[in-house]
Amino acid sequence: MNVVEASGLGKRYGGTWALRECTLEIPAGHVAALVGPNGAGKTTLLNLAVGLTAPSAGEVTMLGGHPAGSPAALDQIAFVAQDTPLYKTLPVADMIYITRSLNRRFDQPYAKARLDELGIPLKRKAGKLSGGQQAQLALTLALARRPRLLVLDEPVAMLDPVARHDFMATVLAAATEGGVSVLLSSHVLTELERVASYLILLSRGQVRLAGEVGDLLAAHRQASLEDLAMAYLRETQTSEVTR
Amino acid sequence: MTALTVPARPDKDDALRPVPWRRMAGITWRQHRIALAGVAVLLGALAVYEWLTGESLHHAWVAVITCHPASSPACQNLVRAFPENFLSLGSLLQVVPALIGAFVGAPVLARELETGTFRYTWTQGFGRWRWALAKLALLAVVLAAAAGAFGALVSWHYQPYFATGNQALGLPQLSPFDSDLFSLRGVALPAWTLAAFAIGALAGMLIRRVLPAIVATLAAYAGLAFTAGLYLREHYLTPLVTSNPNVPGTAWIIGQWWTKDGRFAFANPPLSLLDQFCSAGPGPSGKGGGLLFSQCLAPHGYTQRTSYEPASRFWPFQWIEGGWLLALSALLIAATIWLVHRRAA
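Chains as they are written, first to last, in numbering that gives the first Met the number 0: chain A, 0 to 242; chain X, 0 to 344.
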């Protein structure tokens, strides 16, 4: 089963295409990393995948044919947006209540145990938590929904190194032990080295490279994911500059 | 750090039933309790004031109508002491629906869009248009109910001014169509509150920022309320036309003009005509002049005609106003939900 299937997918804002001609199949069971410079269209692609945005062209289906944003897709996909938006004036306990109420499935014991382990008090307002705690709270709420697919948009961009490490450890545990497929975007390449098993390289609104990390490294004779991405991004940028 | 294991998800999915609607009640309460508490405090304080002043007003009125004989100095003193300064709060109350609409309605979507929390809320299993519908419908019902209760209290408060026979006793007599009070009584107040809320919700969805949406809501509401009061309301039902100069004081006078030989003559008698036929009478002064003019002009073939809405049409007018406001509110809320459903975020 593919967690994401896009064909000819495009999104135009005004006169500019944030994403165009995107045809993609991401198989289940991976931590798939969406990599590219700022403005490459990563957030646009993720917003299309979770149904926040409607495509201007083409189509995208999730988890074996469910249209993005359909009830079946929403039910099985948990999304943590950039800057982890939470209701800042509400206590953590209310965020748990709201997430539980808005979903058919919610593992409250897991959420409480996890927050307890992280030392996040239930009575504290979400806005009073540190950046790392807010990210962990958003991730905990997402995982307690027991999704088949976890989608994360720039999850660690605002976090310090320790918080980054802890966050990615949780994501990796969910993927390896819980069998959750993960699709995450990042422009911090070093973080992805340990976790990503599938790579999608975006630049200027187009998919430049997609495939399993091992295959891509072998095919392009690169030692690491970072080298591969850097080489590829330099190449596409130079070619576009000289063109 | 030990990461807790994520529980495995059951492989077989039970048939996909939507998340029950009723769950939105607790969510709406948690997210809007401060705004709703604000409404409760505002309406509560005004209700206490209306109740206390209403009590003394009713007592004063009962004292006047039970006083015998009516022409005695004691009774005349009661009439003079009867409070006439009744409209100050009435016109002030006009802003109540506007405030409720702006401060409860506008933030519902504007705050989600401004702070980015829509990315969280709209990707949950409940579904975004269902979320918007449940939340807006719940708040609309609660606000309309509160406004309806408050409107009933306002109606009770002003009752003495609408009683027939006040004029004969020398008491102030209001038309039930009085423009300051019509929208505060009956079904009009909840309907106007609902309209303000719906305007606020749509403005918040379109403008996507809380403060500008509040300002826009107040402006749009004021425009609608003035248009309705000044131009629309008098057309709800065709006015009655009479040539009897004694139109009851409770009626809403729409227009007055003069005819001669069944044809329109003039809106106001020209001075030359008054000099010619009415020079013996008292000068053209104020309202009472109308009667006197009709006395001196009638023998010369002039008839004064008055178009008016009788007081008995109060409830039909209330239901007409309530009806179109309800339809407008439903339309605005439907438009808001449609925008939530399809809007590219």
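Calculated from the structure, these hints are not laboratory results.
These numbers come from a predicted model, not from an experiment.
Heads up, some of the hints might be wrong.
Anything over 10 angstroms on all C-beta distances counts as not near chain A; from chain X, calculated [to be verified]:
hint, residue
1, P17
2, M23
3, G37
4, P244
Ranges between beta-carbon positions, derived for each pair [what the hints assert, rightly or not]:
hint, chain 1, residue 1, chain 2, residue 2, range
5, A, H186, X, G322, 33 to 41 angstroms
6, X, R21, A, P108, 34 to 42 angstroms
7, X, S90, A, T15, 47 to 55 angstroms
8, X, L338, A, G210, 46 to 54 angstroms
9, A, G210, X, H340, 33 to 41 angstroms
10, X, H340, A, A156, 43 to 51 angstroms
11, A, T15, X, A148, 48 to 56 angstroms
12, X, A221, A, S69, 49 to 57 angstroms
Stretch by stretch, here's where chain X covers chain A in the computed footprint (C-beta under 8 angstroms, at least three residues) [claimed, not checked]:
hint, stretch
13, 45–56
14, 92–104
Don't be surprised by glycine CBs; every beta carbon is placed ideally from N, CA and C.
Tested hints:
{"no.": "1", "hint": "P17", "in the structure": "6 angstroms, violated"}
{"no.": "2", "hint": "M23", "in the structure": "8 angstroms, violated"}
{"no.": "3", "hint": "G37", "in the structure": "14 angstroms, holds"}
{"no.": "4", "hint": "P244", "in the structure": "64 angstroms, holds"}
{"no.": "5", "hint": "A:H186 to X:G322: 33 to 41 angstroms", "in the structure": "56 angstroms, violated"}
{"no.": "6", "hint": "X:R21 to A:P108: 34 to 42 angstroms", "in the structure": "23 angstroms, violated"}
{"no.": "7", "hint": "X:S90 to A:T15: 47 to 55 angstroms", "in the structure": "52 angstroms, holds"}
{"no.": "8", "hint": "X:L338 to A:G210: 46 to 54 angstroms", "in the structure": "39 angstroms, violated"}
{"no.": "9", "hint": "A:G210 to X:H340: 33 to 41 angstroms", "in the structure": "36 angstroms, holds"}
{"no.": "10", "hint": "X:H340 to A:A156: 43 to 51 angstroms", "in the structure": "30 angstroms, violated"}
{"no.": "11", "hint": "A:T15 to X:A148: 48 to 56 angstroms", "in the structure": "53 angstroms, holds"}
{"no.": "12", "hint": "X:A221 to A:S69: 49 to 57 angstroms", "in the structure": "42 angstroms, violated"}
{"no.": "13", "hint": "45–56", "in the structure": "holds (count 6)"}
{"no.": "14", "hint": "92–104", "in the structure": "holds (count 9)"}
In summary, the structure is inconsistent with hints 1, 2, 5, 6, 8, 10, 12 from the numbered list given earlier, while agreeing with the others.
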